[in-house]
Amino acid sequence: LHERLRAAGRRLLYLGLESDRARVPALAARVALDPGCRWAIERLPRVAALLSRCATAIAGDTGLMHVAAARGLGVVAMFGSTAPELGFAPAGEGHAVLCRHERCQPCTVHGRASCPRGHFRCMIGIEPGEVADHALRLAAGA
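So the sequence shown is numbered by the numbering used here: it starts at 57 and just counts up by one.
It is worth saying that the hints were derived from the structure and are not from the lab. This structure is a prediction, so every number in the text was calculated from the model and none was measured. All C-beta atoms, glycine included, are put in the ideal place defined by N, C-alpha and C. Some hints here could point you the wrong way.
[Said to hold, decoys possible] Here are the simulated distance ranges between beta carbons:
#1 Gly143 <-> Arg173: 22 to 28 Å
#2 Pro184 <-> Gly150: 20 to 26 Å
#3 Arg67 <-> Pro172: 19 to 25 Å
#4 Thr118 <-> Arg177: 16 to 22 Å
#5 His175 <-> Gly92: 32 to 38 Å
The task is simple: from the sequences and hints, build the whole structure.
See the structure below:
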């Protein structure tokens, strides 16, 4: 996903916690070396300000997804252990909602970091190329 968006000339801003960066050291190292990328560890008011400079957002079913939608960004929203039908999809129009609708989905109303069945097909089934296609389409319309 990172390479595809960078090849399309998009600058990338990764938002998250220090623990997020620690979970993906290879990506963190790549971001650190790429002048077109930045990793921001910020509090919510600053995150909202940073999002106002973005063309689109890619997020899971998280608070960040809702903040991005509230800031008027087109959001590529990925649903795994939750489901958009539960009322947690980004508000408004101009978003791409990706959900595989596995038989075991949703496994919880509020999401979880691990799969109780051990396969996590709900997230693994969302292809990076599909996410990139939607993000580039939304950014082009921004």
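- Message: For a quick check of understanding: which of the numbered hints are violated here, in increasing order?
- Response: Number 3 - this is the single hint that the structure violates.
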